[in-house]
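Protein chains in written order, with our numbering: chain A, 18 to 242; chain B, 28 to 496.
Since the hints were derived computationally from the structure, they do not count as laboratory data. Be careful, since some hints might not be right.
As the list claims (entries may be wrong) - Facing chain B, from chain A, some residues (calculated, C-beta under 8 Å):
hint, residue
1, P119
2, R171
3, W197
4, V207
5, V210
6, L211
7, R214
8, R232
9, G233
10, V234
Said to hold, decoys possible - What follows is a list of derived Cβ distance ranges for each label pair:
hint, chain 1, residue 1, chain 2, residue 2, range
11, A, D220, B, E358, 21 to 27 Å
12, B, R271, A, Q169, 45 to 51 Å
13, B, H481, A, I133, 51 to 57 Å
14, B, S301, A, I225, 34 to 40 Å
15, A, D209, B, E433, 32 to 38 Å
16, A, R216, B, M330, 34 to 40 Å
17, B, S419, A, G163, 55 to 61 Å
All of these numbers come straight from a predicted model, not from anything done at the bench. Yeah, the Cβ is synthetic: ideal placement off N, Cα and C, and Gly gets one too.
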Amino acid sequence: MRLLLIEDDATIASFIEKGLREAGFAVDKAADGEEGLHLALTAPYDAAVVDIMLPKMDGLTLIEELRSRGVTTPVLILSAKRSVDDRVRGLQRGGDDYLTKPFAFAELLARVQALIRRASATPEPTSLTYGDLSMDFLKREVVRGGRRIELQPREFALLEYLLRNAGRVVTKTMILEHVWDYQFDPQTNVVDVLVSRLRKKVDRDFPIKLIHTVRGVGYVLKDDS
Amino acid sequence: MSLKTILRITRTVGFRLTVWYSGIFIFSSLMLFAIAYLLLFSTLQHQEKDVVILKVREIRDLYREGGIWAVEGELTYGKKFRRKDPFFVRLADSQNRTLLLSLPYQWIEFDIKRLRLTHPRDLPEWVRIPAVREKQFLLVANRPLDDGNWLQVGKSTEDRMKLLFRFRSAFLAAMIPLVILGFSGGAFLAFRTLRPIRNLIRTIRSMDVGRMEARVPSPDTGDELDELIQLFNEMISRIEALIRGMRDSMDMVAHDLRTPMTRLRGVAEMALHSGQKPEDYKEALAECIEESERILQILDTLMDISEAETGAMKLELEEVDLADLLEDLTEVYRYVAEEKGLRLDLRTQEGLLVEVDSHRLGRALSNLLDNAVKYTPSGGRVEVEARRHEQSVIVQIRDTGEGIPERDLPRIWDRLYRGESSRSHRGLGLGLSLVRAIVKAHGGRIEVESQPGHGSCFSLYLPSPARSS
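Isolated chain A (complex conformation) (with noise of 0.2 Å):
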């Protein structure tokens, strides 16, 4: 899997870069507009993280080039503006996703993924095995450890989502919009809550826990063993 940086912000970059490399991608960078289309047109990519505030050429008029050239990269852009109008403005150019900054990487990471998944189209599985863990996701039942466990919705979904990205850290903020569809931040934890139901009904039985709170960035589903 290779993949386009294209973000101004030195440290910025280097810190996404050493993160996706971690997490198995080739990646390339460019710090700059220009540098950037030449890349995305003379390469093949699987996607393309683009910063909107870029020097000689701005992200949405590099994703507008691209669009117009036929490249179908999918594109996750990065940028500081929070607000609706920017976010729709950049989708409508060809964007895939928009992220705002600050961002937490994780948070990068699942929607990269995201991305090149929805691009290459793979079917998701409709059941999973971590462990000693499994869920059928149509008949909606759990087991672990040969016992069956009793989950309501959103319990459920929380798992699912955690089981789906078994091994990488989801935030809260992911948490709230896939389980909850939910866009803002509720101030009482709500997802700690939640969380913390779930492990008791997933995690206190058993000798081995599977949902570890990774601290100031969200949670993780993973065998410490």
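We have chain A already, so just place chain B on it with the hints.
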């Protein structure tokens, strides 16, 4: 006055208005005069001709009855006794030889040679003979008699000319004050009409970005200029409010961010100075991330508040069933309430259609819900009720929490104000000001009732289009 000043004045609207006004005024006076003059002129001419024709008939009758002698007798008589109204009379035979000529002595300067030289046959019915010096004519009727002789009777136009001359000079004399009147009237009108505009210009000149208190005095006449000035004043008020709002929000951003920034810095510094084990560093870093998350949240909320307060918030209005929105929101808090041992009830009616920005309103409602759940102790109850009331929809969020002391009530909407009891809970102190700002931006209002120890009730009134069913 330098040429430049003159040029500048001639370019002003006031000057142009004055010139146009007086120009039109003078032109119409001239037109009026010309019409009167022509009318008078032709009337007098008619009268003269009528008099001459009458004389022609009289002489012709005399001639028919008594021949040339009768005519001569009459003329001699007339010369003696009717000096005031003399006529020129000439009788000529068919060869244009003068048989009789009577030219009153005061008219000798008319050159009647022409009549002698040209045969009457070749002359038109009316002949005008100019005077040698003066600008007047002898108007002569040229008529054949029954026996082939010719009769020519004439009269001077002197009276007519004198009258017209007097008319002209009277008009000229009147014209000078007329021009002055027209010009000064025009100048006065232009000055008066443009006074609001001059006030406007003066006010705008006196303004700059820092000082916008000045307003244009309204003439209060109810005309277009009055309207313009009122609109202008309203616009300036809005701009002023906007600028003040922006300045305030800059202040509050700076102020509100200082505290969490200090915490962030402190944590990092502590870790640098005293951190020994990798776990310490990890802990500090996690705290840094959490703190920066909080800073971001404050920043976003502050932006929203100032946007809503200054009226710059762009609402994405759509028709929403409030019951659905509340259903979704309470669903989010259901687990939290359950964990805390609270009852969370929702009561709605059908058809609670409102036109709102569901994202923004959702934020406001979830803030209220959040507070209710947060400040209600275990075993309590939170009730959300929405119902239609006349032209609005009321959402009430009632809790059995600790309530708000009376002295705090008016201040809970203030930014960063946190009552005694709320200090123990984590929060930004921005929630309620955001709620109020959003509700106001929707054209609604929010009220609160509270009894310390028994609970609070927030009532949110939203305008709603009349029920369509």
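Taking the hints in turn, this is what the structure says about them:
no., hint, result
1, P119, "6 Å, holds"
2, R171, "7 Å, holds"
3, W197, "6 Å, holds"
4, V207, "6 Å, holds"
5, V210, "5 Å, holds"
6, L211, "6 Å, holds"
7, R214, "6 Å, holds"
8, R232, "4 Å, holds"
9, G233, "3 Å, holds"
10, V234, "7 Å, holds"
11, A:D220 <-> B:E358: 21 to 27 Å, "24 Å, holds"
12, B:R271 <-> A:Q169: 45 to 51 Å, "50 Å, holds"
13, B:H481 <-> A:I133: 51 to 57 Å, "56 Å, holds"
14, B:S301 <-> A:I225: 34 to 40 Å, "35 Å, holds"
15, A:D209 <-> B:E433: 32 to 38 Å, "34 Å, holds"
16, A:R216 <-> B:M330: 34 to 40 Å, "35 Å, holds"
17, B:S419 <-> A:G163: 55 to 61 Å, "57 Å, holds"
Going through the hint list in order, the structure satisfies each hint without exception.
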